[in-house]
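One letter stands for each residue in the lines below.
Protein chains: 2
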Amino acid sequence: LESTSLRPSGNSRLVLYDFSAEPGNNELSVKEGETITITNPNIGGGWIEAQNSRGDVGLVPEDYIEAPVFQGGGSIAPTPSGGNAASSDLFVFDAFAPTAAPAETQASNGNDPWSSWNTDPSGGSNNNWASNPEGTQTGRGAADPWGSHGHPQAYQGPGAEDDEWDDEWDDMKSTSGYPESESGDSGAIQRGGHASSMKISLNKFPGFSKSGPELYLLTKQPIKSKDRLPIYMGEVGPVWSYPTTQLDCVVADPKKGSKMYGLKSYIEYQVTPNTTNRPVNHRYKHFDWLYERLLDKYRSAIPIPSLPDKQVTGRFEEEFIKMRMERLQGWMTRMCRHPVISNSEVFQLFLSYKDERDWKTGKRKAEKDETVGMMIFSTIEPEGPDLDPLEVEQKCEQFSRFTKAMDDGVKEILTVGNEHWKRCTGPLPKEYQRIGKAFQNLSSVFTSSGYQGESTLTDAMTAAGKTYEEIALMVAEQPKKDLHFVMETNNEYKGLLGCFPDTIGFHKAAIDKVKEGDQLVATSKITPQDKTMMAKRVSVMSYALQAEMNHFHSNRIYDYNRVMQLYLEEQVKFYETIAAKLRQAHSQFTTM
Amino acid sequence: LESTSLRPSGNSRLVLYDFSAEPGNNELSVKEGETITITNPNIGGGWIEAQNSRGDVGLVPEDYIEAPVFQGGGSIAPTPSGGNAASSDLFVFDAFAPTAAPAETQASNGNDPWSSWNTDPSGGSNNNWASNPEGTQTGRGAADPWGSHGHPQAYQGPGAEDDEWDDEWDDMKSTSGYPESESGDSGAIQRGGHASSMKISLNKFPGFSKSGPELYLLTKQPIKSKDRLPIYMGEVGPVWSYPTTQLDCVVADPKKGSKMYGLKSYIEYQVTPNTTNRPVNHRYKHFDWLYERLLDKYRSAIPIPSLPDKQVTGRFEEEFIKMRMERLQGWMTRMCRHPVISNSEVFQLFLSYKDERDWKTGKRKAEKDETVGMMIFSTIEPEGPDLDPLEVEQKCEQFSRFTKAMDDGVKEILTVGNEHWKRCTGPLPKEYQRIGKAFQNLSSVFTSSGYQGESTLTDAMTAAGKTYEEIALMVAEQPKKDLHFVMETNNEYKGLLGCFPDTIGFHKAAIDKVKEGDQLVATSKITPQDKTMMAKRVSVMSYALQAEMNHFHSNRIYDYNRVMQLYLEEQVKFYETIAAKLRQAHSQFTTM
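Quick mapping for you: the protein sequence lines, in order, are chains A and B. Mapping of the first sequence onto UniProt numbering: position 249 corresponds to residue 249, and the numbering continues sequentially without gaps. Mapping of the second sequence onto UniProt numbering: position 185 corresponds to residue 185, and the numbering continues sequentially without gaps.
Honestly, the hints are just simulated from the structure, not real lab data. Just so it is clear, the structure is predicted and the values come from calculations on it, not from any experiment. There's no promise every hint is true.
[To be verified] Result set (DSBU-like, lysine-lysine): computed pairs, CA atoms no more than 35 angstroms apart in a straight line:
#1 Lys515(B) <-> Lys531(B)
#2 Lys395(B) <-> Lys437(A)
#3 Lys259(B) <-> Lys365(B)
#4 Lys515(B) <-> Lys573(A)
#5 Lys573(B) <-> Lys480(A)
#6 Lys536(B) <-> Lys220(B)
#7 Lys422(B) <-> Lys437(A)
#8 Lys437(B) <-> Lys480(A)
#9 Lys404(A) <-> Lys264(A)
#10 Lys466(B) <-> Lys581(B)
#11 Lys573(A) <-> Lys481(B)
#12 Lys480(B) <-> Lys256(B)
#13 Lys480(A) <-> Lys581(B)
#14 Lys259(B) <-> Lys395(A)
#15 Lys437(A) <-> Lys360(A)
#16 Lys322(B) <-> Lys430(A)
#17 Lys322(A) <-> Lys437(B)
#18 Lys255(A) <-> Lys395(A)
#19 Lys573(B) <-> Lys581(A)
#20 Lys481(B) <-> Lys322(B)
Please model the entire structure based on the sequences and the hints provided.
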């Protein structure tokens with residue numbers, strides 16, 4: 001979208017794209033063509049604060065508005081290849097923008113089989129890692145033992161930690177030496193943040209275009225087989241090539257680091273892979289950068305779940321750091337388990353860069369990777385016969401149904417689990433405590449009777465009352481020991497499953513394009529050779545999808561088996577401990 | 001209260017006393033001097049249905065309104081000795097009228113130390129055996145497993161079972177052969193029902209008068225020592241004389257009986273004492289008659305807790321019959337345990353009458369007993385030195401504080417217990433069921449994956465889900481096994497404790513009267529010998545109160561020890577069973 005109007009001066013800016021604010025996030029809805037006034041340009045993470053003509057103030061993605069003249073040449077605003085940003089590309093935008101653009105636009109894309117997912121009040125099912133399916137955006141609330149805030153969620157705030165933003169500028173930059181005020185496409189990438197990088201990637205990488213999958217299906221670009229991704233025929237069907245030793249890593253030891261003479265602080269985690277056993281340090285921003293690279297590169301074939309949410313307030317609180325670390329660990333483990341991701345150059349860089357210079361060089365290289373978007377399929381080599389288009393379609397449909405049904409089931413567990421969490425940390429322990437207090441109070445009255453021979457009864461009654469108070473505390477603490485892991489696993493899968501609608505939608509678009517094959521040849525739009533090539537290519541896509549589903553199922557069975565065993569084990573211990581305490585209390589009564 | 005106006009004709013009636021309707025019982029509030037119209041005279045149990053001038057219709061105690069001329073000579077309405085019924089005698093009325101007269105009038109009696117008890121929304125603490133301390137008048141509600149109606153309460157309906165009323169007329173009659181339309185004092189007694197008999201007893205028996213305890217303290221009536229009640233000095237202090245073998249009985253085997261060729265039915269229970277081992281049959285009405293006799297005779301010295309409530313609807317339902325029988329058993333056991341009550345002629349008659357004739361003769365004799373009200377103290381013979389008035393007062397104060405404090409403690413347990421009951425039979429099992437369903441649903445989705453090797457996981461997950469559904473059922477059923485007995489015991493004690501304010505109030509009045517002793521001698525109202533006699537007599541009253549408190553404490557310790565052990569034992573079993581089920585569910589998962 002080229003700006004045709006005169007560039008405004010001062011703090012006024014022209015809005016280039018429609019933006020609908022996410023409720024509760026201090027965002028401001030703006031419309032293409034509107035003029036707004038910047039009230040605070042230093043929010044960071046790709047956001048600025050602005051005011052509209054009605055006086056409303058809120059956050060707007062920086063890339064959605066035109067850059068002022070004085071910030072240097074060129075427009076920061078991306079110019080996606082062809083057409084309006086409100087076209088079908090937006091369904092790709094949304095997939096890439098976990099927190100920025102609203103999910104409602106996805107509903108307009110008829111290709112998306114799960115458009116109903118996006119009416120999820122929690123703000124989009126796809127990538128809201130920690131979102132409460134019931135849409136409550138509460139804080140962690142674990143301090144109050146009788147508070148019942150539900151399973152701890154990271155606060156879904158606007159954009160990145162703002163004071164982290166500015167100081168990491170030189171880390172984030174890769175291709176140019178320009179200072180912070182740099183503009184231009186590569187400069188915008190370096191801002192990180194979801195909205196801007198994704199829009200730039202559309203511009204920069206030809207794999208996705210508004211015209212759909214043809215660019216891969218019909219591309220004449222020679223296949224660079226440097227990074228082959230073979231797919232073998234296994235017992236269960238098509239499978240990726242798995243390494244003999246599975247990669248693993250530990251995320252631990254959070255420490256406070258700082259820059260600019262302590263003016264800016266952040267938390268750093270140590271990441272230690274089982275290959276080198278040498279720890280490397282990474283802050284959240286690095287994980288986010290890695291996530292963006294993986295998304296760019298593999299998204300169309302492999303679901304890349306989003307990271308735990310960014311948070312603006314409470315970043316240094318112990319409980320938050322612990323939870324974030326646990327979730328980063330989960331994310332890293334899942335990435336390590338994936339044969340393709342774990343073996344990728346960018347992932348290896350992240351886990352084992354030698355020094356700062358190595359890190360910076362590696363980052364620049366990764367950002368320049370052109371085998372991204374749909375081009376990933378050009379590196380995939382199935383070692384099996386071309387698949388029949390009908391079979392391709394059937395498999396696609398089967399996966400679509402399964403992932404949708406599992407998504408429903410997972411959400412049900414999350415809903416029920418969250419209510420159970422609230423009950424177990426609120427009303428239920430309170431009730432046990434009241435029971436305990438009532439027994440103790442009556443015992444106290446008995447003690448005042450003046451009748452001899454009270455103490456055997458009263459001591460035992462008081463002990464029984466105290467036992468119920470202990471049970472109350474146990475009940476309140478128990479969800480952290482068992483239910484927590486059920487919630488975490490299901491949240492992970494909710495995130496993973498949220499990646500599939502786009503992937504499957506994309507596959508369906510490709511299948512539909514292949515179906516048009518005869519017609520396209522008849523109308524001389526493509527040659528018969530093109531038609532054959534399209535069929536072959538959609539077969540490659542299907543192999544990839546099947547290999548990915550088999551990977552998904554295998555991990556799913558492992559994960560659910562593990563978490564169910566853990567849950568039940570802890571539940572057994574819980575009830576046995578309560579029984580033991582009550583037995584002890586019972587023994588204090590003497591038979592009269 | 002003599003009626004001075006012309007007697008109204010037809011169905012119009014003059015209201016003799018203020019009556020405040022109990023909410024939710026279809027009663028009608030009426031004011032002294034108001035004219036109302038009878039719409040249904042055959043309600044029974046001492047109630048009639050009437051309409052006021054505003055058109056409101058409801059139930060009114062029959063004794064509160066003037067009798068019509070045509071029902072025979074004399075006024076059915078009682079004429080209490082002296083003065084207005086709204087005087088301090090009403091505090092006695094209320095104590096005797098568990099369901100009829102409102103409790104609010106008791107607040108006006110300054111002598112009542114616990115007048116605040118009568119603001120209990122459940123309608124008076126004294127005698128509402130089964131009342132829910134939170135005032136909910138719900139039905140039994142045990143049919144719906146997820147209904148959360150609180151601990152089962154007998155419905156507090158108006159008056160007696162009406163169809164039992166009429167047919168038992170010949171049973172109830174004792175002194176005259178008049179048919180149902182008989183009027184007169186003795187006729188009114190025979191109506192049973194609480195309101196009428198109590199008003200008549202005031203009239204008939206001189207022990208209570210509106211002038212207070214003087215009638216005992218100063219009575220010159222010779223002591224008939226035929227039924228001596230000795231009080232000995234035991235280890236714990238003054239004690240009643242206990243039998244070597246404790247009397248006991250079993251209430252069981254409820255059967256439907258009927259009269260008038262099956263037109264009127266009722267439930268009969270078999271009562272078998274451990275002395276004769278010969279069962280006798282009694283219906284609720286008989287228990288009620290026994291209760292009235294014991295109340296008349298012993299009330300001023302011994303707390304006589306009220307029976308389980310009367311109920312008009314649902315009397316033949318199995319669950320109600322079972323609950324009523326359980327409670328009648330509890331009541332009988334408590335009466336059996338009391339050395340004075342168990343040994344009384346009327347109680348012995350109830351347990352071991354030989355035949356119908358013996359029963360009727362015995363009943364007439366019991367109804368004529370004149371050693372009732374305060375005169376019971378004239379049969380009590382403490383075998384110890386006369387007590388110092390200061391000690392008498394101290395003891396009285398101690399008991400007053402204790403019984404009040406215990407009443408608070410008992411009510412706290414009942415409140416907490418009732419809420420716990422509701423939670424355990426409603427929201428909590430529902431939650432476990434939802435958890436179970438969620439596991440099963442996800443397992444079901446997994447089964448549809450088409451991936452081989454699902455069944456070990458899915459079978460185990462489904463079993464885990466079903467286990468939680470079983471746990472849900474267990475949770476819902478558990479209160480009946482443990483909490484029920486805690487509630488019953490505490491309800492019994494609430495009833496017992498409810499009897500003390502009057503007794504203690506009466507003692508305090510006696511103590512106060514003795515304190516006035518010097519002044520009364522100085523003003524020549526009494527002689528010095530009278531003063532000495534009053535002190536001696538109040539000492540007798542104190543011995544009786546102490547013996548009764550020691551009996552109370554001893555039983556209390558036994559009862560609470562027993563019920564706490566039972567509760568904890570069942571709780572242990574409950575949690576152990578849950579743990580075992582979960583262990584079993586856990587074992588179905590295989591370690592992968």
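Results for each hint:
Our distance criterion of 35 angstroms between C-alpha atoms is met by Lys515(B) and Lys531(B), whose separation comes to about 10 angstroms. A threshold of 35 angstroms between alpha carbons decides the hint, and for Lys395(B) with Lys437(A) the separation of about 29 angstroms falls inside it, so the pair holds. Restraint check for Lys259(B) and Lys365(B): the C-alpha separation of about 25 angstroms stays at or below 35 angstroms, so the hint holds. Among the hinted pairs, Lys515(B) with Lys573(A) is inconsistent with the structure: their alpha-carbon atoms are about 65 angstroms apart, more than 35 angstroms.
Distance check on the hinted pair: Lys573(B) and Lys480(A) sit about 26 angstroms apart at the alpha-carbon level, within 35 angstroms; holds. Distance restraint check for Lys536(B) and Lys220(B): the Cα-Cα separation of roughly 13 angstroms lies within the 35 angstroms cut-off, and the hinted pair is therefore satisfied. At most 35 angstroms may separate the alpha-carbon atoms for a hinted pair to count; Lys422(B) and Lys437(A) meet this at roughly 19 angstroms. A hinted pair counts as satisfied when its Cα atoms are at most 35 angstroms apart, and Lys437(B) with Lys480(A) qualifies at roughly 22 angstroms.
Our distance criterion of 35 angstroms between C-alpha atoms is broken by Lys404(A) and Lys264(A), whose separation comes to about 44 angstroms. Restraint check for Lys466(B) and Lys581(B): satisfied, since their Cα atoms lie roughly 10 angstroms apart, inside the 35 angstroms limit. Note on Lys573(A) and Lys481(B): the hinted pairing holds, with a Cα-Cα distance of about 24 angstroms set against a maximum of 35 angstroms. For a cut-off of 35 angstroms, the pair hint linking Lys480(B) to Lys256(B) stands: about 26 angstroms separates their Cα positions.
Between Lys480(A) and Lys581(B) the CA atoms are separated by roughly 22 angstroms; this keeps the pair inside 35 angstroms, and the hint holds. Straight-line distance between C-alpha atoms of Lys259(B) and Lys395(A) comes to about 78 angstroms, which puts the hinted pair past the 35 angstroms bound. Only pairs whose Cα atoms come within 35 angstroms are accepted, and Lys437(A) paired with Lys360(A) is rejected, the gap being roughly 62 angstroms. The straight-line distance between the Cα atoms of Lys322(B) and Lys430(A) is roughly 33 angstroms, inside the 35 angstroms bound, and the hint therefore holds.
Using a Cα cut-off of 35 angstroms, the hinted pair Lys322(A) and Lys437(B) holds, with the two alpha carbons roughly 32 angstroms apart. Note on Lys255(A) and Lys395(A): the hinted pairing is violated, with a Cα-Cα distance of about 47 angstroms set against a maximum of 35 angstroms. Simply put, Lys573(B) and Lys581(A) have alpha-carbon atoms about 12 angstroms apart, close enough for the 35 angstroms limit, and the pair holds. In summary, the hint linking Lys481(B) to Lys322(B) is supported, as the alpha carbons are separated by about 15 angstroms, within the 35 angstroms threshold.
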